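Note that the protein sequences, when read in sequence, are chains A and B.
Note that the first sequence covers residues 1 to 578 in the working numbering.
Note that the second sequence covers residues 1 to 578 in the working numbering.
Hint data in this document are derived by calculation from the structure and do not stem from the laboratory.
Predicted model, so just to flag it, every value in this text is computed and none were measured.
Among the hints, erroneous ones may be present.
Pairs of lysine-lysine residues, derived as DSS-like cross-links and limited to a Cα-Cα distance of at most 30 Å, are as follows [unchecked claim]:
1) Lys252(B) to Lys158(A)
2) Lys76(B) to Lys252(A)
3) Lys331(B) to Lys317(B)
4) Lys239(B) to Lys317(B)
5) Lys239(B) to Lys162(A)
6) Lys161(A) to Lys335(B)
7) Lys158(B) to Lys251(A)
8) Lys197(B) to Lys378(B)
9) Lys131(A) to Lys349(B)
10) Lys335(A) to Lys131(B)
11) Lys235(A) to Lys154(B)
12) Lys335(B) to Lys252(B)
13) Lys439(B) to Lys35(A)
14) Lys474(A) to Lys35(B)
15) Lys189(A) to Lys474(A)
16) Lys35(A) to Lys352(B)
17) Lys289(B) to Lys316(B)
18) Lys513(A) to Lys527(A)
19) Lys289(B) to Lys131(A)
20) Lys349(A) to Lys76(B)
21) Lys235(A) to Lys289(A)
22) Lys474(A) to Lys158(A)
Estimated spans, in silico, between C-beta atoms of each pair [stated by the list, open to error]:
23) Gly71(A) to Leu354(B): 29 to 39 Å
24) Glu452(A) to Lys296(B): 51 to 61 Å
25) Lys296(A) to Lys189(B): 24 to 34 Å
26) Arg255(B) to Lys235(A): 38 to 48 Å
27) Leu354(B) to Glu233(A): 58 to 68 Å
Covered, in the sense of this in silico footprint (three residues per stretch, anywhere, with C-beta under 8 Å from a C-beta of chain B), are these stretches of chain A [unchecked claim]:
28) 126-137
29) 234-244
30) 333-344
Beta carbons: idealized from backbone N, C-alpha and C, even for Gly.
There are 2 protein chains.
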Amino acid sequence: MKDSKDSKELFKEFKIQSVSEFFRRNAAMLGYTGKIRSMTTLIHEAVTNALDACEEAGILPYVRVEIEELGSEHYKIIVEDNGPGIPENYIAHVFGKMLAGTKAHRNIQSRGQQGIGISGAVMFAQMTSGKATRVITSTGGDIIEAWVMIDVEKNEGKIVKKTKHENPTGWRGTRIELEVKDVRYIRSKQGPYWYLKLTAIANPHAHIELIEPDGRLIVFPRSSKEIPEPPVEMKPHPKGVITDDVFRMAKKTRRETVKRFLIGEFSRISDQRVEELVRYIAALRLIKKEDKNRRKQLLERLANGEIDIILRSYGKKGKQALRAARKLIEKEPAKLTWHETEEIVEAFKYMKFLAPPTHGLRPIGEINIERGLVSILKPEFVTALTRSPKVYRGGVPFQVEVGLAFGGNIENGFNLLRYANRVPLLFDAGSCVTTLATKSVDWKRYKVDDLESAPLIIMINVLSVHVPYTSTGKQSIASEEEIYEEIRLALMEVGRRLKRYLSGKHRKLYVVKRRKTLEKYVDEIAKALSVLVNEPEEEVRNYFVELITRKFEEVETEKVEEVVMTSPGVEEVNEESE
Amino acid sequence: MKDSKDSKELFKEFKIQSVSEFFRRNAAMLGYTGKIRSMTTLIHEAVTNALDACEEAGILPYVRVEIEELGSEHYKIIVEDNGPGIPENYIAHVFGKMLAGTKAHRNIQSRGQQGIGISGAVMFAQMTSGKATRVITSTGGDIIEAWVMIDVEKNEGKIVKKTKHENPTGWRGTRIELEVKDVRYIRSKQGPYWYLKLTAIANPHAHIELIEPDGRLIVFPRSSKEIPEPPVEMKPHPKGVITDDVFRMAKKTRRETVKRFLIGEFSRISDQRVEELVRYIAALRLIKKEDKNRRKQLLERLANGEIDIILRSYGKKGKQALRAARKLIEKEPAKLTWHETEEIVEAFKYMKFLAPPTHGLRPIGEINIERGLVSILKPEFVTALTRSPKVYRGGVPFQVEVGLAFGGNIENGFNLLRYANRVPLLFDAGSCVTTLATKSVDWKRYKVDDLESAPLIIMINVLSVHVPYTSTGKQSIASEEEIYEEIRLALMEVGRRLKRYLSGKHRKLYVVKRRKTLEKYVDEIAKALSVLVNEPEEEVRNYFVELITRKFEEVETEKVEEVVMTSPGVEEVNEESE
Chain A
1 MKDSKDSKEL FKEFKIQSVS EFFRRNAAML GYTGKIRSMT TLIHEAVTNA LDACEEAGIL
61 PYVRVEIEEL GSEHYKIIVE DNGPGIPENY IAHVFGKMLA GTKAHRNIQS RGQQGIGISG
121 AVMFAQMTSG KATRVITSTG GDIIEAWVMI DVEKNEGKIV KKTKHENPTG WRGTRIELEV
181 KDVRYIRSKQ GPYWYLKLTA IANPHAHIEL IEPDGRLIVF PRSSKEIPEP PVEMKPHPKG
241 VITDDVFRMA KKTRRETVKR FLIGEFSRIS DQRVEELVRY IAALRLIKKE DKNRRKQLLE
301 RLANGEIDII LRSYGKKGKQ ALRAARKLIE KEPAKLTWHE TEEIVEAFKY MKFLAPPTHG
361 LRPIGEINIE RGLVSILKPE FVTALTRSPK VYRGGVPFQV EVGLAFGGNI ENGFNLLRYA
421 NRVPLLFDAG SCVTTLATKS VDWKRYKVDD LESAPLIIMI NVLSVHVPYT STGKQSIASE
481 EEIYEEIRLA LMEVGRRLKR YLSGKHRKLY VVKRRKTLEK YVDEIAKALS VLVNEPEEEV
541 RNYFVELITR KFEEVETEKV EEVVMTSPGV EEVNEESE
Chain B
1 MKDSKDSKEL FKEFKIQSVS EFFRRNAAML GYTGKIRSMT TLIHEAVTNA LDACEEAGIL
61 PYVRVEIEEL GSEHYKIIVE DNGPGIPENY IAHVFGKMLA GTKAHRNIQS RGQQGIGISG
121 AVMFAQMTSG KATRVITSTG GDIIEAWVMI DVEKNEGKIV KKTKHENPTG WRGTRIELEV
181 KDVRYIRSKQ GPYWYLKLTA IANPHAHIEL IEPDGRLIVF PRSSKEIPEP PVEMKPHPKG
241 VITDDVFRMA KKTRRETVKR FLIGEFSRIS DQRVEELVRY IAALRLIKKE DKNRRKQLLE
301 RLANGEIDII LRSYGKKGKQ ALRAARKLIE KEPAKLTWHE TEEIVEAFKY MKFLAPPTHG
361 LRPIGEINIE RGLVSILKPE FVTALTRSPK VYRGGVPFQV EVGLAFGGNI ENGFNLLRYA
421 NRVPLLFDAG SCVTTLATKS VDWKRYKVDD LESAPLIIMI NVLSVHVPYT STGKQSIASE
481 EEIYEEIRLA LMEVGRRLKR YLSGKHRKLY VVKRRKTLEK YVDEIAKALS VLVNEPEEEV
541 RNYFVELITR KFEEVETEKV EEVVMTSPGV EEVNEESE
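Chain A extracted, bound-state conformation (with noise of 0.2 Å):
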């Protein structure tokens, strides 16, 4: 092997790359893929930032996205919110670094989560147009005027030019400007405009307001005056955790003993369960030393919850094993080793708890889903559903709402409305969860005779903490069981209602068409019996009328109003608290 490099002269090359510099090489991965597509990520981003934003706040958030063509497939991009602002000093971590943000590292609901959207979308500005960004924003001081570039080597914010102004009305939010080129506007189901349209449907609290590149103005103005509470912190489940995120935790905390620990910084663990967890830990170790029938034997029936009398029938074995394992938790928790945490979380799987805590879950709520279909769509029937929440994988809370429109200004043709914590999910719909379980729902039970050719809008949003993606392009959820088996049963109920509403239409339409055909007749039997009877032609015909009017009269009560929204009010959320 004389040709043969070494290794030293290979390792020349070595480098270490940025994350920015991954990304830019990456963009795909942020969903910077295909002209139109790409356009709408970049409103994605500065729209979902400027929600969040809000709804952190508690602000009723006025958004206002005014899309600028400069050139062939060059635009500028407006995005201006009111909400609470950002700190001078962050202005270049949140729009220059990847990576960063307030989000990433808490257990919360929130339409943003990495800390890369916002700045994946300078830098895709940067990248096609060589512009910095331009951002305009204040806490309510003095309005700072920065524009942004990313130093993509270093993965550093950079301010290029910075201007402070006066803010005598006290203004409050953040506007910015993005330049972009390789990008496209058009109306389609993939761009802007349709993602605004479902954006609004979704947070009718929200008044969003489009700008369209030639000047035509959209407005989605805001259905709900309710400020959705903001999302909270959930702490985990010990259903929803794997050894290392338990391993990790322990090293962090500050607590004294590994009981403290998981009492403090898990969901549903309380004294006894640490009791219970003791039993278990002892249980498992004696089983493991059992052989593979008599263990595979014993771990079934300890999954059926017979953990007293097997850890009985160890007799003393049974008590020192249980004096071992409090050793555990009375450990401190930086101490525990990755064994003894696996046997931790293996116990878990063996114990029950009370379904995680959902108070962190902020669904749209039945009346508001009803007032943003009616708002955006003007369907002439309207129904919403919101399921209590459920745990998928055993730990991970979620819950599913479901909306459905039919009639009225809807056009002919079934839309399918995709949402992931009320964010819009316009590509990948094929793998969705939601479009799978809504195809297996039977329509034609519920009056749909032909889904695909019916006036009929369905929206679906899934809530979570951890969506389930199928891909790093967030635009298709999971199958996940539990969240097809939720999506199905709301989908079946608000189908209920659908059809009891077409059966009440069918009828009324169907007597009114009996009326019809009476009256046409009226004309004719009068003047045929006023000869039979010997009485005026005129009052046996009033007689008829009045007849026919008599029995129809109560049919007739019932009006057909112009929408029927079906929910009584806004739904008890399950508002659990721990």
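Fit chain B to the supplied structure of chain A, relying on the hints for placement.
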């Protein structure tokens, strides 16, 4: 808005995440999704590193993979190579720091690119088993044994234990041992066995061994002793760059003028091309000032190569524009503005360049593909075709290779083996350009009546410095038109070869059948004729046998060989040099 939070309070939570932390949360982005796929990803990362290292160093690879089952969904994965080894002071970086490596910043065809793969594997092991990865390596001197963990919060490798051993035999190479949980070994088409089998087919110069968890040893022996040429870095082609690339390169270069920069750092740019560039920039500047219709017309003419006529038509103004444009190429590169860079890149679009150099692409080669297919699949017919390199999107060189194996030990049922830069692609086959192109071919024309049930295997290898993957999983190649067409052309050619073979085979089978039919009647005819011609039956019979033998002799001598290989030798691959 008394209740709304102000931004100071909100920004208290602002934190910066490390890239390792990001990928810990998004392990699916790296291919760690599902127990089977995660196992394959681990093997893939380790084997890819081994093969790339050997290739860069010019060593015939010997790769040994051993998978030990330690418990339920708990394995130790050992991968050992005879590569150049890793210098002691790089061990922590290579295995413990993401986005660090020798390849990401170079324009080079290699299996790995990002410097994430192997540290991702180390992280996955640590996340699931809590264990450090054991690395044993030597560059020829001492053998270093190091246990590496990742400090996820800092994205840094930590060596938790290190020992030096003497190396009397001068061993070079690297062995890593990953202990992982939550994975599963299955001998399916998405598991390690199949992955390594496909790797062996595309790397006939590599000796690959696999020891399965049940102890079974599988050897994919080397079938070629040619060491592939190490890949070389390729300069970017003017048609394959965006403004941002050129702008960033201009900021970094040490060359003194834009002209020198363009000639020195791009391929296919000569003094003459720069002169032409000046003319195009001048013409574009003039054209941009025209009204819309005239502009459109002139740009079309420019695209048709009428640059001289256009410039002349501007007379004196044309000459002024030329002088101004010439100043641009005489500037210092660092002083190029974004706008000027855009002008250069736009001019590139109208100019004609030689196709990009392709001396950096490393096809497997026809003879090697055939060797690989024969040694692993044992077919009765094999053929391979390496097309000459082409360009997609105007400036990205790529090359397509196709192999076809038929009959013999191949079971009924069509199989498509997909590769990108020799790396097997096991997932997301549906949307891959290789699948689409294969389906688009009318296989009936090549005597394959029912593709799905034929004993047929086709392999397709797409080579490029930038393989256009459809998603971040890197398991499916986007359907770029030029790539699609190249694959189709290659498939049709190997299809014709298969048809020729099958025709020959059918003819032979037909002849053999006819001879057998004739021979069946020899006795009867001999008996009848012997009466008629009054000769002994035996003689008449012999006469007939001789006649038949002579008639079929010609055919007999074309013996059907056990394996039919079609390549005459290693094809002369377009060995361009600049």
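**Prompt:** Where does the structure disagree with the numbered hints, that is, which hint numbers, in rising order?
**Reply:** 5, 21, 24, 26
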